[in-house]
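Asks: If you read the sequences in order, they're chains A and B.
The numbering used here puts the first residue of the first sequence at 1, with every later residue one more than the last.
The numbering used here puts the first residue of the second sequence at 1, with every later residue one more than the last.
There could be a bad hint or two in this list.
Since the list gives no way to pick one copy over another, a pair counts as held whenever it fits inside one copy or between any two copies.
[To be verified] Calculated pairs, DMTMM-like style, for lysine to aspartate or glutamate (alpha carbon to alpha carbon, straight line, at most 20 angstroms):
hint: 1; residue 1: K47; residue 2: D108
hint: 2; residue 1: K47; residue 2: E241
hint: 3; residue 1: K47; residue 2: E180
hint: 4; residue 1: K47; residue 2: D109
hint: 5; residue 1: K47; residue 2: D324
hint: 6; residue 1: K215; residue 2: D229
The hints are simulated quantities; they were obtained by calculation from the structure and are not laboratory data.
2 protein chains.
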Amino acid sequence: MSERQAGRRVTIKDVARRAGVSVATVSRVLGVSNYPVAAATRDRVMKVVRELDYVTNAHARSLAGGGTPTVAILMNNITGAAFAHVAKGVEGAATLRGWLSLVGTTGDDPERELALVNAMRQQGVAAVVLLGGAYDRTEYQTRMGRFARSLDAAGSHLVLVGRPPLEGDVPATTVNYDNEAGAYAMASHVLSAGHRRVLVLPGPAGLTTAQGRLKGARRAFDAYGVPFDPGLVRHGSYDYEHGFSAVREVLARGADFTAVLAGTDVVAAGATQALKVTGLRVPDDVSVAGYDDIPLASHVTPQLTTVHVPYEEMGRVALRAVADRRAGDVLAGPGAGRPAEAEHLVLGTHVVVRDSVRPPRPGR
Amino acid sequence: MSERQAGRRVTIKDVARRAGVSVATVSRVLGVSNYPVAAATRDRVMKVVRELDYVTNAHARSLAGGGTPTVAILMNNITGAAFAHVAKGVEGAATLRGWLSLVGTTGDDPERELALVNAMRQQGVAAVVLLGGAYDRTEYQTRMGRFARSLDAAGSHLVLVGRPPLEGDVPATTVNYDNEAGAYAMASHVLSAGHRRVLVLPGPAGLTTAQGRLKGARRAFDAYGVPFDPGLVRHGSYDYEHGFSAVREVLARGADFTAVLAGTDVVAAGATQALKVTGLRVPDDVSVAGYDDIPLASHVTPQLTTVHVPYEEMGRVALRAVADRRAGDVLAGPGAGRPAEAEHLVLGTHVVVRDSVRPPRPGR
Chain A
1 MSERQAGRRV TIKDVARRAG VSVATVSRVL GVSNYPVAAA TRDRVMKVVR
51 ELDYVTNAHA RSLAGGGTPT VAILMNNITG AAFAHVAKGV EGAATLRGWL
101 SLVGTTGDDP ERELALVNAM RQQGVAAVVL LGGAYDRTEY QTRMGRFARS
151 LDAAGSHLVL VGRPPLEGDV PATTVNYDNE AGAYAMASHV LSAGHRRVLV
201 LPGPAGLTTA QGRLKGARRA FDAYGVPFDP GLVRHGSYDY EHGFSAVREV
251 LARGADFTAV LAGTDVVAAG ATQALKVTGL RVPDDVSVAG YDDIPLASHV
301 TPQLTTVHVP YEEMGRVALR AVADRRAGDV LAGPGAGRPA EAEHLVLGTH
351 VVVRDSVRPP RPGR
Chain B
1 MSERQAGRRV TIKDVARRAG VSVATVSRVL GVSNYPVAAA TRDRVMKVVR
51 ELDYVTNAHA RSLAGGGTPT VAILMNNITG AAFAHVAKGV EGAATLRGWL
101 SLVGTTGDDP ERELALVNAM RQQGVAAVVL LGGAYDRTEY QTRMGRFARS
151 LDAAGSHLVL VGRPPLEGDV PATTVNYDNE AGAYAMASHV LSAGHRRVLV
201 LPGPAGLTTA QGRLKGARRA FDAYGVPFDP GLVRHGSYDY EHGFSAVREV
251 LARGADFTAV LAGTDVVAAG ATQALKVTGL RVPDDVSVAG YDDIPLASHV
301 TPQLTTVHVP YEEMGRVALR AVADRRAGDV LAGPGAGRPA EAEHLVLGTH
351 VVVRDSVRPP RPGR
């Protein structure tokens, strides 16, 4: 039965007294600063914190923005590996600062996204981080603009990761990766290996991410003077099943190709499986290139040559941008950070060469 | 500029009037019931909801427990595929009821878990769902008991998924799967194929999940009258790297084995890769069995024979238990649901036969 349960409200002084340390030390242990604390001291303080159930009070204010800042991450689907790594990056950088982070999933539903953004705003979170490609440019711009302004008005902040930047003067931070350049580099790698007939599986036609990956690939074909065949492009969702069925269908039509540019590593894994069950060897008969460089890329056989996207780093960069903006407000008062409001950060991508791409067999 | 921004608080009546529907219809559209609403009506109502920024008000109460119930899911690591599927199941069943769900990650840190549970309790969530195996039985029992009682006192509820049930009269719901039986079935499958020298990679020694998987395997050896060799057991984390390095190390020691019982599909993928780079074929030379049946299991080559764990179903079952308990309280008043408080639900597991296990080569 803790003192708190016995009715008296526990204060940080009670914790400090019982642990035999200063109040400053307790607040450092509770992580509202990054100040280092000896492990033994930390353990002793946390033991008292548990005994007195003190964290309850410390965190009572947390989601209300008064104490430990909290960041809300909203993604389409929690089982999507790529964005789970962004969330991991945000969480890592948040934990380092003693912040809390929460993830909500929208199931790709704008209404649910709206409900979650509003709920998080009402909870006074330090920032709402939205992950993932977007559909429908105009409706998207309108919706994001509303989110950005309503969060800003509430003293919170909108951060878009892996999404297109917003047009006009909108108070949001965008953290992106050079999607088109990655696709250009990957296609160039395949073309320079000698491939000329390439099946392209960019992803969902309406998704900005897929549009950028297709555009980057086409630019490479132009640069190499290789005619681009729209008949070898298959749009579809970013999943294993699409990679599998698209390849099966194109092979069934008797279409001839020596390489596959997959929109994601998962799509590449499905495409590879479809080639194998058809009796084609990867990369001996057909090369397969992925995109994202999630762990799966090095867990399949052959290991995928793919485009590395710094997902976890994007998450860390996003959280740091939020933290700096907040620090700026604290030091110079709200509004001081305004010039940084429409910050656009773009991280680089690069090709990771593994075993799934090699020159086409002579005669093909 | 919405009416709300103009200062007047928007009510559900404003939405109903402007959309030309009844207040009941608006509340149905906003998902506080499962009552079906025509798509056209839903679109019209949501358009008004957006225009008036009404969802803000509807969801202002949500995390405070007064309106849309919210469930908090806490997991060790958001990139862990198995528990991401439990979270997906919880979210699916929550969305079906118009509930919100949020995920927090603990990074396997008890202090962080405590901070998140307390923060969620303060937010008045309907339930806190803790996912994943647990270490240290006694400390774990104490900590969970505290969580369960403090959440119960706050009108919330603790749900443990994939964790050991709590001893004594603790107000918590446990949703589990038959972990040991799955390991027993998988080991029996491998032994009945004729394997006698089996490398076992159960997972982290202190983790209850790993202990159950090892115990199930040992029971199968006893049942088949095959001596179990503790020298062929390697504990380690549930990741690809452990599967890879454990197999490399055992092969380097010249130990002889014809099959690998991996603690998870990810460990199995690492083990398979290690065998391949050593020039051993799977399953021709060595068979490999996984556990979990996450998508990766059918994305690797050969596709893994593994144990199916109904992760997503566990999530749905957990959310339904919370919803029923809440409904019971609403209908019969708080306390009416008490008999169901210490509910233990255990879902079944079964072997999924794919391509990674076959009889050992003659002479081995």
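Asks: Please go over all the hints and tell whether each is borne out by the structure.
Replies: To see whether the hints hold, each was checked on the structure:
1. K47 to D108: Only across copies: K47 and D108 sit 18 angstroms apart there, 42 angstroms inside one copy, limit 20 angstroms.
2. K47 to E241: Cα proximity of K47 and E241: none, with 50 angstroms in one copy and 34 angstroms across.
3. K47 to E180: neither (51 angstroms within a copy, 34 angstroms between copies)
4. K47 to D109: between (43 angstroms within a copy, 14 angstroms between copies)
5. K47 to D324: Classified as neither; 32 angstroms inside a copy, 36 angstroms across copies.
6. K215 to D229: Within. Shortest intra-copy distance 13 angstroms satisfies the 20 angstroms Cα cut-off; inter-copy 57 angstroms does not.
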